[in-house]
Structures are given as structure tokens and as C-alpha cells.
Amino acid sequence: MTDLTHPGYVRPARRATRRAGAVPGSGIGQGGLALVLLLPSLIILALFTYGPLLQLGWDSLQIRQGAGAGGATVFAGLANYEAVLADPSFRRALINNLIFAIVTLVPSLGLALVFAMALARSSRLNSALRSMLFFPVLVPLVAAASLFLFIFLPGVGLLDHYLGRLVANPPNWLGDPDIALLSIAGVTIWKNAGYYMLFFLAGLQSVPPESYEAAHLDGATPWQRLRYVTLPYLKPTIAFVAVIALLNIVTQVDHVFVLTKGGPSEATNLVLFYIYQQAVESYDVGRASAATVLSLLALLALTFASLGTLERAFGGRAA
Amino acid sequence: MTLTRRTALGAAFAASLLGGAALAQAPTEIELFFPVPVDGQLARDMNAMIKEFNDKHPAIKATAVFTGSYDETLIKTRAAMKAGKPPAAVIMSANFITDLKIENEVSSLDALIAKDGSTNEKFMGQFWPALRGNAVLDGSVYAVPFHNSTPLLYINADHFKEAGLDPKKPPQTWGELVETAKKLTKREGDKVTRWGLSIPGNYDYLGWMVTALTMSNGGRYYNEDFAGEVYYDTPSMLGAVTFWNDLIQKHKVTPGGVVAGPAVTTSFLAGQSAMMLLSTGSLTHVLNNAKFPVEVGFVPKNVRNAVAIGGASLIIPAGVEGARRDAAWTMIKWMTGPEKSGWWSRATGYFAPNMAAYDTAEMKEYLAKRPQAQVAVNQLVHARPWFATFKTVPVRKALEDEVQAVLSGKKSPKEALVAAQKAADEILAPFNKETSLRNF
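Just so you know, the protein sequences line up as chains S and U, in that order. Note that my numbering numbers the first sequence so that position 131 is 131, with each residue one more than the last. Note that my numbering numbers the second sequence so that position 101 is 1101, with each residue one more than the last.
One chain only, chain S, in its complex shape (with noise of 0.2 Å):
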């Protein structure tokens, strides 16, 4: 992981594609066995990966004959899809996984940041500072949100029990709505900050002292040091935790499961969460089927445009 940071570490590899990309022309013999060497994997990826993302869209586009035809289905074109983007849930669901990101992603790269300088230099204190940062990484999120069932009780939860005596009332943390997509969003950032943390660090063992020894001379303030110094060296480092960051938002919705379901009044819903309703509560396959390819077209528009970010980052410094 502590290579992906390094300013050399995609030139090679992409070289190297480029070459693999001949080979084909070369010769049939040496297509062929690489066509044998890699059947294995191409097997079952076939089997648990494009298989079902084949089944996938071909379900997006089935409707339900309607209610005591035994669950025969008839071709519909892009009715799902329609219908999908037409429901107000689907579209709130969406707003709320904007939501989800920002108040998510900023926080937790931020706190990640600040860990990472501060328990840079190593020294018995710190790596045990590290590794208590680094625990609810450990931690299962199912578990973890089981917890902060008990951490968020109303009343008598571990939070309250505390800031009861600060404040008159404190709130309803899982069911208020305008406050329930934040304390989500507080269980994730908890979740992950420490994972983040550890990128960082790796990334900062990059920066050479020697720039840090040239600001110090130049009389640069702390504060300069981190604007001209150990961020422009981290900006890769920064982006590639940023693309992480961004999938993990989007694929993990075990915590909403658990603590709100999605409520109050669809206030935590978001995309993942819809698709489960739709396919197990409205048992409604077409619209969920229709539902899934959107996001992963989302996913995969996301992740191209955040791996062109990264190769621009990680050539910039290159260069």
C-alpha cells in the first residue's frame, strides 16, 4: 500500500500494459496461453461477477405481469428505469447519499490528516496512540453500529448520559430526522478515520526532511510548512484515499440496517438501502435491477473520473 504513494509507481505499470497490449499480434501460441493461464480466474469471475451483472440488466428491463400471474415477467424496455427516476424515494435517497458523502468524506480525511502529523515520528507513545486510532478499523461495522445503538439511546445511552448533564436536551440523535443522516454520518466517520490515518502516515514518510529543513531556514510558519510543504507532497496520497473513501460511502450501508432503517420519514435512506427496499420489501426485482445498473453506472463514471484524478496527481508530481 505504502508504494501506491510513490511518485514512480504508475509510469512503470502503465508502460507495461502497453506492452502486454502487443502481444496478441505476435503470435497465436503465446495468446493462447495466456488465454489458458488466465481462464481460471476469467471462469469464475464469468460465474460471480458478469454473469450476474448480464442477469442484472436483463432483470432492469422485465416487468412483473402483475399481481397472481406467479411472478411471470414481460419484457418493458426502460419502463423501470423510468419509474425508478421518477420516484420521489429513489431521488431522495440520491440527495441523501450527497449528503452523506460531504458531511462524511471532508471530516474524515480532515481528522485523518491531523492524526497522521501528529503521530508522524515514531516513538512507543504514539504507535500506541496509532493503534487505538486505528481499532474501529477492527471493528466489524454491523458491530460497530450495534454499539452506537446503545451509544445514541435517548435518554439513557452512553452519549446522553454525558452530555445530559452539559445540556437541558440533548437530541433525539437516530430519530430526528434533520439530525439522524449526521449521527450516521459521525458512526462512519469514527468507522474510518483511522484507516485513513494509515495512508497518511505511509504518505508523509515521503516528504523529504530536507524540504522541511529548507522552510525552517526560510522562516516559514507551521502553517506554511503545511500549505507549501506536506500537502502538495500528499496530494496523491490525498486523492487515492479520497477515491477509497468515496466507494466506501456508497458500498456500505450496514450501519443504516441497523440503527435507523433507512428512517425517520427516509431521512437516512440512501441509494444501497432503496434497492434492498425495492427488491425485498416492494419485491419489485425490475425497479431494483434498474435501480442497481444506475448507481453502478454512477460507480463506474466515479471511479473513471477519479482514476484519471489520481494519474493526473501522481504525474503532476513526476513530471
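Hints are computed from structural coordinates only; laboratory data are not their basis. Just so it is clear, CB atoms sit at the ideal spot from N, CA and C, and this is done for glycine as well. Please note that the accuracy of each hint is not assured.
A few chain U residues that don't get close to chain S, going by computed Cβ distances all over 10 Å [said to hold, decoys possible]:
(1) E1029
(2) V1036
(3) K1061
(4) F1123
(5) G1133
(6) W1174
(7) G1175
(8) E1179
(9) T1234
(10) H1251
(11) N1289
(12) P1371
(13) V1381
(14) R1384
(15) D1425
In silico DSSO-like pairs for lysine-lysine, Cα to Cα no more than 27 Å straight-line [claimed, not checked]:
(16) U:K1061 with U:K1076
(17) U:K1410 with U:K1182
(18) U:K1369 with U:K1291
(19) U:K1250 with U:K1191
(20) U:K1186 with U:K1161
(21) S:K261 with U:K1410
(22) U:K1369 with U:K1169
(23) U:K1250 with U:K1183
(24) U:K1422 with S:K261
(25) U:K1411 with S:K261
(26) U:K1076 with S:K261
(27) U:K1186 with U:K1291
(28) U:K1122 with U:K1364
(29) S:K261 with U:K1082
(30) U:K1291 with U:K1182
(31) U:K1161 with U:K1182
(32) S:K261 with U:K1414
Chain S is fixed; fit chain U onto it per the hints.
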């Protein structure tokens, strides 16, 4: 050592071969999907029950498969049916059966009942009348009630005495409930240190509570005879939601926002709520864990005493045929008979669906020791079927999302119910198009 062991193994193998030959037929293997909606002890009790069944029925080998919550049990049953391997029997949330019937996923039990020389009326006559509505659909029996519950008013007797009230006389009307809750609520300046009454408002529980209040207000919630209608935007439900809203906003005796079921129980057990509305299914848990005397009462009424049932029934999914079907039926009858019904009730706190269970000596002894359970049984006379429509869960959620907005002070009850009715009607529209609004 090895030699003797090998000989022993060989002997055992030979014996099993012989035994296999001696047995004319292998036992019919069936599996039962069962959810555990309350605490963990239930899974062990279920395995004990199935073991006893197998011991008494050598021709059948039943396996109990734990399938999570009610919702998860529905998902897993549907997944198993899609894979072509439906379980022989399932303990299914009682209000999912209408939906399963509409989707042709549950089989009618009429033929099995007739084969026993009984009639539908005689067979269902064993069970409390309130439970029949969710089991008999369009004159056919689709499910056999297994364990059931109703909402109940729980009371902290110490708090009552402290406020000069008699815990043996719980509030019976909405007016009395408000007055009692006011006396029980404790404040320090702006801060409420003890709530008069807590009501769970999370998904599923909320719908059930609105039903209880609506029915107590003379209303119906849904059309018991037709799966395409709900009565959200009606005076009786408006009164119910307004009452709940007033408890929060006007009288300030109930916490605002959504408080989930477990949080309500915890708050009651911690002495932070003097009263709560909760399921009879939690009775054993609450009585075992409360450090103070607990009394219970009917859900207070405005127009009449009425509550909806909850709980689960045994079904045979569509596609279970032949010997497996007969074996499943044998098991279902055994599990819902008076003796087992009573045993399960005492183990869990749910009430026994089979009325004859209450004539057994064990049950009489149990109720003498737990008079609170007797109150729960007494309320059964006033119980009614549980909401069950086309797409029960989304239709219920359409109401719950709106009422949650009321509880959080974001919408007025009228606004919320109009919006809920509109959303529910949209979900029900495809069903109505094929049934009530079909073109001829």
C-alpha cells in the same frame, strides 16, 4: 487399539446396513423455517420442540432452520422457492400471508383439513376469533396461528404509588391516560427527567401502534376483506395521530421524534418512562428484568376497546407436494395443538393461539403466578386482525414515513395523513386495476 476400533466401526457399519434394510422406508425429511423476533432463548426452545416431535414421529425427520427476523424469513423463503426447493413449513409473520396468497406463493390447507374429516370452520374454531382474519382468506385456510401478541399498556407500579395513583387501576380512556401521564412526568426546569408515557415509533412498530390507537378510536386502518384499500385519511386515524401528537407537543408527556422499540423498553426498565405501550410478546422479558413491580392494562380507548393482533402463523409454501406435504401438516397440527401451544406461550410470553391451551392445568398454574399474562389474554376478546394488504410493507411504510414527520414536529397530522393516503393509493393502484377497477 486400532484393530478393535476398526472392528467396532465395521460392526457398526454392518449393523446400519442391516438396520437400513430392516426399515422399509427412510423417514420423510422436512424442514421448518423459523424466525426469532425476540431474545435468543427462543432458538433453543424451538430445537427442543422439534427434537420432541421427531422422537414421537419416527416416520418424519424434521429440521428447524433459523432464518433471522420476520422480514428475513420472508426473503429466505422466497429465495428457496425461486431455487425450486421450498421449505416444507414456515413460521411466517401473520400479515404477510395475504401478500403471499396474492403472489401464489402459499398453498391452501383446505384439502388437508378435509382429508382429516374436519371442516374449515371446525378447524379454525380451535383458535381465538381475532386470529382467524389473517389465516382464512376468501374462505380458504392458508395459515395456522402459532404465536401471537397484542399491544399492552405497561405500568411502573412504584411511580404510580409515588404520584398517589393506584397501580391496580391503570388508565382506561384517552382522557385518563393524559391525566395520569401528566402526573407521572417529572421535570427539572426545561429538562424532563421522567416521561409519563413512551410509544415505539420505528418502522413496523409505528404502524402497529397507529393501528391500535385508530381501532381504539373506532377506526379500521384497512379493509379486512379486500387487499386494495387502506383508510389513512379518515377521521378515526386523524384523531389517533392527533392524540399522539398532542401527547408530545401539547401535554409534553411523551418524548418527540422516533423512539425505537428497544429504546422504549430500556427507558422503561431504567425508570425514565413511567408507562409504555408495547407488545405482549415482551412481557416475559420486561417482568424478568424490571427492578420494580410492573402492572399492565388494556390499551386505553376513546370510542371502544380494540387492538390489532401481531405474531406469526405456520404455512406450507406453494410447491410442497406428496409425502413432504403430509409430514408438514402432521407437524403443524402437532405444534399448534393445546399442549404445545401452551408450552410455547409459557416459554416466550406470546399468548397461545389455541384456546384449549388455557384449559390445561399447567396454563392455569402459570396464569395464577403471572396475573399480568391474564390481562393480556383478557384483551384478546377485543382484538382484531392485523393490517394485511397488497404489498403490506411499502403500504405500511407510506403511513409510517408521514407519521414520523408528525412525531418530529415537521407536519400536521392532517397534512401527513393526506400524503400517506396518496402514497399508499399509488402503491395499491396496480392491484386495484386488476381487481376492483377491472374493465369488463
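For each hint, the structure was consulted:
1. Distance to chain S confirms E1029 of chain U as a non-interface residue, since its nearest Cβ pair spans about 26 Å, more than 10 Å.
2. The Cβ of V1036 of chain U sits about 16 Å from the closest Cβ of chain S, beyond the 10 Å cut-off, so the non-interface label holds.
3. Against chain S, the non-interface label of K1061 of chain U holds: every CB pair exceeds 10 Å, the least being about 30 Å.
4. Distance check for F1123 of chain U against chain S: the nearest CB is about 26 Å away, which clears 10 Å, and the non-interface claim stands.
5. With a minimum CB-CB distance of about 20 Å to chain S, G1133 of chain U clears the 10 Å threshold, and the non-interface call stands.
6. Once the 10 Å rule is applied to beta carbons, W1174 of chain U is consistent with being away from chain S; the minimum gap is 23 Å.
7. The Cβ of G1175 of chain U lies farther than 10 Å from every Cβ of chain S, with a closest approach of about 27 Å, so its non-interface assignment holds.
8. Every CB of chain S lies more than 10 Å from the CB of E1179 of chain U, the least distance being 23 Å, so the non-interface label holds.
9. Consistency note on T1234 of chain U: stated as away from chain S, and its beta-carbon is indeed over 10 Å from all of that chain's, at 21 Å minimum.
10. The claim that H1251 of chain U lies off the interface holds: its Cβ sits roughly 16 Å from the closest Cβ of chain S, which is beyond the 10 Å cut-off.
11. With a least beta-carbon separation of about 14 Å from chain S, N1289 of chain U lies farther than 10 Å from that chain, consistent with its non-interface assignment.
12. No beta-carbon of chain S comes within 10 Å of the beta-carbon of P1371 of chain U; the shortest separation is about 28 Å.
13. The non-interface label for V1381 of chain U is consistent with chain S: the shortest C-beta to C-beta separation is roughly 33 Å, beyond 10 Å.
14. For R1384 of chain U, the non-interface assignment is confirmed: its Cβ lies about 24 Å from the closest Cβ of chain S, beyond the 10 Å cut-off.
15. The Cβ of D1425 of chain U sits about 15 Å from the closest Cβ of chain S, beyond the 10 Å cut-off, so the non-interface label holds.
16. Of the pairs offered as hints, the one joining K1061 of chain U and K1076 of chain U holds, with about 21 Å between alpha carbons and a cut-off of 27 Å not exceeded.
17. Between the alpha carbons of K1410 of chain U and K1182 of chain U the distance comes to roughly 24 Å, so the proposed pair stays at or under 27 Å and holds.
18. Between K1369 of chain U and K1291 of chain U the CA atoms are separated by roughly 18 Å; this keeps the pair inside 27 Å, and the hint holds.
19. Using a Cα cut-off of 27 Å, the hinted pair K1250 of chain U and K1191 of chain U holds, with the two alpha carbons roughly 16 Å apart.
20. Restraint check for K1186 of chain U and K1161 of chain U: satisfied, since their Cα atoms lie roughly 14 Å apart, inside the 27 Å limit.
21. This hinted pair checks out: K261 of chain S and K1410 of chain U have alpha carbons roughly 20 Å apart, not beyond 27 Å.
22. A hinted pair counts as satisfied when its Cα atoms are at most 27 Å apart, and K1369 of chain U with K1169 of chain U qualifies at roughly 19 Å.
23. In summary, the hint linking K1250 of chain U to K1183 of chain U is supported, as the alpha carbons are separated by about 15 Å, within the 27 Å threshold.
24. Restraint check for K1422 of chain U and K261 of chain S: the C-alpha separation of about 23 Å stays at or below 27 Å, so the hint holds.
25. A hinted pair counts as satisfied when its Cα atoms are at most 27 Å apart, and K1411 of chain U with K261 of chain S qualifies at roughly 21 Å.
26. A distance of roughly 19 Å separates the Cα atoms of K1076 of chain U and K261 of chain S; the hinted pair therefore holds under the 27 Å criterion.
27. Taking the CA atoms of K1186 of chain U and K1291 of chain U, the gap is about 20 Å. The hint holds against a cut of 27 Å.
28. A distance of roughly 25 Å separates the Cα atoms of K1122 of chain U and K1364 of chain U; the hinted pair therefore holds under the 27 Å criterion.
29. The straight-line distance between the Cα atoms of K261 of chain S and K1082 of chain U is roughly 26 Å, inside the 27 Å bound, and the hint therefore holds.
30. Of the pairs offered as hints, the one joining K1291 of chain U and K1182 of chain U holds, with about 23 Å between alpha carbons and a cut-off of 27 Å not exceeded.
31. For the proposed pair K1161 of chain U and K1182 of chain U, the alpha carbon gap of about 14 Å is at most 27 Å, so the pair holds.
32. For the hint linking K261 of chain S to K1414 of chain U, the alpha-carbon distance of about 25 Å falls within 27 Å, and the restraint holds.
Checked against the numbered hints given earlier, this structure breaks none of them.
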